[in-house]
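Trainee: Take a look at the letters that make up each chain.
2 protein chains.
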Amino acid sequence: MLSVTILGNNSAVPAFDRHPTSQVVTLDGNNYLVDCGEGTQIQMIKYKIRRGKISHIFISHLHGDHYFGLVGLINSFGLLSHQQDLHVFGPSPLQEIVELQLRVAKTVLPFNLYFHTINKEGILYEDSKIEVRCFPTNHRIECYGFSFREKKLPRKIDVDKVKAAEIPASFYKKLEEGMDYTTKNDVLIKNETVTIEAPKGRSYVFCADTKYDESLLPHLYDADMIYHETTYLDNLKEKAIERFHSTSSHAAMIAKKGRVKKLLIGHFSSKYAELDEFEKEARVVFENTEIALEGVAYAV
Amino acid sequence: MLSVTILGNNSAVPAFDRHPTSQVVTLDGNNYLVDCGEGTQIQMIKYKIRRGKISHIFISHLHGDHYFGLVGLINSFGLLSHQQDLHVFGPSPLQEIVELQLRVAKTVLPFNLYFHTINKEGILYEDSKIEVRCFPTNHRIECYGFSFREKKLPRKIDVDKVKAAEIPASFYKKLEEGMDYTTKNDVLIKNETVTIEAPKGRSYVFCADTKYDESLLPHLYDADMIYHETTYLDNLKEKAIERFHSTSSHAAMIAKKGRVKKLLIGHFSSKYAELDEFEKEARVVFENTEIALEGVAYAV
Chain A
1 MLSVTILGNN SAVPAFDRHP TSQVVTLDGN NYLVDCGEGT QIQMIKYKIR
51 RGKISHIFIS HLHGDHYFGL VGLINSFGLL SHQQDLHVFG PSPLQEIVEL
101 QLRVAKTVLP FNLYFHTINK EGILYEDSKI EVRCFPTNHR IECYGFSFRE
151 KKLPRKIDVD KVKAAEIPAS FYKKLEEGMD YTTKNDVLIK NETVTIEAPK
201 GRSYVFCADT KYDESLLPHL YDADMIYHET TYLDNLKEKA IERFHSTSSH
251 AAMIAKKGRV KKLLIGHFSS KYAELDEFEK EARVVFENTE IALEGVAYAV
Chain B
301 MLSVTILGNN SAVPAFDRHP TSQVVTLDGN NYLVDCGEGT QIQMIKYKIR
351 RGKISHIFIS HLHGDHYFGL VGLINSFGLL SHQQDLHVFG PSPLQEIVEL
401 QLRVAKTVLP FNLYFHTINK EGILYEDSKI EVRCFPTNHR IECYGFSFRE
451 KKLPRKIDVD KVKAAEIPAS FYKKLEEGMD YTTKNDVLIK NETVTIEAPK
501 GRSYVFCADT KYDESLLPHL YDADMIYHET TYLDNLKEKA IERFHSTSSH
551 AAMIAKKGRV KKLLIGHFSS KYAELDEFEK EARVVFENTE IALEGVAYAV
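Going line by line, the protein sequences match chains A and B.
Once you know that position 2 of the first sequence is 2 in my numbering, the rest is easy, because the numbers rise by one and skip nothing.
To get my numbering, take the position in the second sequence, counting from 1, and add 300.
Just to be clear, a hint being listed does not mean it is correct.
What the hints assert, rightly or not - Here are the simulated lysine to aspartate or glutamate pairs, DMTMM-like style, with alpha carbons at most 25 Å apart: (1) Lys346/B with Asp180/A; (2) Lys406/B with Glu121/A; (3) Lys346/B with Glu274/A; (4) Lys348/B with Glu274/A; (5) Lys406/B with Glu99/A; (6) Lys106/A with Glu396/B; (7) Lys406/B with Asp276/A; (8) Lys346/B with Asp276/A; (9) Lys106/A with Glu542/B; (10) Lys106/A with Glu399/B; (11) Lys106/A with Glu538/B; (12) Lys406/B with Glu96/A; (13) Lys48/A with Glu594/B; (14) Lys46/A with Glu542/B; (15) Lys353/B with Glu96/A; (16) Lys46/A with Asp576/B.
Claimed, not checked - Derived contacts from chain B toward chain A, CB cut-off under 10 Å, selection only: (17) Gly339; (18) Ile342; (19) Leu409; (20) Pro410; (21) Lys537.
Rather than coming from a laboratory, the hints here were simulated on the basis of the structure.
The structure presented is a predicted model; accordingly, all values stated were derived computationally and were not measured.
For every residue, glycine included, the Cβ atom is placed at its ideal position computed from N, Cα and C.
Given these sequences and hints, build the entire structure.
Mentor: Pasting the structure below:
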């Protein structure tokens with residue numbers, strides 16, 4: 001199952017017990033970390049995130065509230081004797097910043113740390129279960145969103161039909177891959193008559209920091225869930241535009257035009273003590289909107 | 301009044317709701333920050349530290365648990381529109397590390413940020429009320445302790461005696477400075493017969509990370525309060541020595557030999573859930589020992 005757990009839903013300065021951006025995307029027990037604001041490792045302890053299950057970290061951009069917790073997390077992984085490789089994806093010069101600090105402290109990590117510099121749209125990671133892509137957003141500095149797409153599962157054998165057609169078990173794997181079967185008597189049994197199509201893989205798109213920009217739509221179109229920032233309420237639309245941020249109805253408009261199923265909103269300005277109004281404003285445009293609450297795991 | 305508020309009393313990895321090193325030394329409403337581990341700004345909010353009263357930050361060394369929160373704090377000072385100059389003292393290349401991260405984010409601070417590189421023992425800061433000095437400790441990397449000494453106040457006029465001796469009010473300031481008075485009739489009135497000595501200024505010494513080292517003694521001798529690390533209990537003495545850290549009785553021995561009045565202990569390893577044993581072990585050697593508890597302000 002694909003899910004996302006919110007570790008921080010605030011922008012810039014911590015306030016009202018809200019923390020800077022960080023999320024954990026989980027698929028089948030693997031955790032993918034998205035952004036890592038200051039204090040992320042402490043939030044992970046609080047919300048019992050299995051740190052040992054993190055081997056890929058994706059950093060959207062180099063504003064501090066999205067990555068100042070990264071070097072501390074890597075350092076702690078070292079002190080906690082993590083063994084598995086760690087891959088960090090982010091814009092330049094993230095590698096230089098982290099490596100300088102590790103070098104100064106004479107840190108020797110007990111695992112391999114690999115940096116992957118992001119500088120354009122594309123696939124960052126894939127395995128048999130998931131594909132992670134990045135795409136540029138429209139922010140003050142170079143910034144990327146990330147899409148997580150569960151791979152479509154193989155077709156499922158329809159046991160009764162396969163048995164009725166007397167297809168040998170040794171051919172089942174090929175059936176799952178979509179191949180047709182030809183009997184000894186040269187009768188063609190079309191794949192779709194003896195297998196069931198797997199449900200479409202789920203998808204989650206993290207839109208990072210961005211102003212309202214419809215060029216994001218192709219990257220999130222038809223997604224099961226997206227996270228879009230709503231730094232300000234609508235009455236501060238001018239300020240949002242000026243600061244390359246979005247308002248609640250900006251986010252909702254993107255969700256609506258992208259025909260996504262669900263919208264999570266976050267990255268709230270520290271000026272707001274209460275958040276209800278964000279949800280209210282967004283729902284006028286896009287009903288299935290939820291405030292991204294820290295510590296909550298949202299099923300995609 | 302001189303006091304110190306503990307914001308973090310743990311070493312390295314955060315654990316058991318204990319945080320990495322940071323302390324606020326307060327004298328007459330001014331706050332001096334000592335070390336700034338990850339999450340220090342969040343601890344400041346929690347414990348209602350007046351961030352606007354901080355204009356001097358002292359970083360002991362460049363292990364992450366002592367400074368990973370610095371860049372975030374400086375960044376937040378900017379976002380919170382602080383105006384006053386900020387002075388940061390620490391070993392090289394602290395300036396490079398912080399400035400690189402501010403530059404990458406295109407951060408424009410609304411105040412002047414001055415870095416002062418520490419590379420030897422000496423006075424870091426003084427004004428009419430306080431003197432802050434640094435001294436090297438014995439750790440794996442370059443590391444400094446800090447002493448905070450309240451300046452001795454001027455001598456106080458003994459009103460009755462001054463009047464009896466018919467010393468004019470215009471001379472009072474000179475009396476406070478310690479000068480003798482000579483009457484018109486050439487009678488010498490010795491200063492100490494008409495003034496009262498002010499009490500000695502209070503002193504607090506932060507001994508940073510260090511192994512047991514008696515060369516620290518001259519820097520803390522006779523202090524009212526010192527903070528000495530106790531990363532491990534005594535049964536891990538070998539490990540402490542190997543890691544350039546101290547045990548509870550190491551700290552107590554330094555306090556005893558330094559004839560200080562009070563010892564605060566902290567920088568506990570994350571392996572310890574309970575801390576009582578630290579105090580117990582230290583008190584065998586030096587009775588007036590206390591565990592440095594987060595959020596508590598200790599009067600010096």
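Trainee: Could you work out which of the previously given hints the structure breaks and list their numbers from low to high?
Mentor: Numbers 1, 7, 14, 15, 19, 20 and 21 - these are the hints that the structure violates, sorted from lowest upward.
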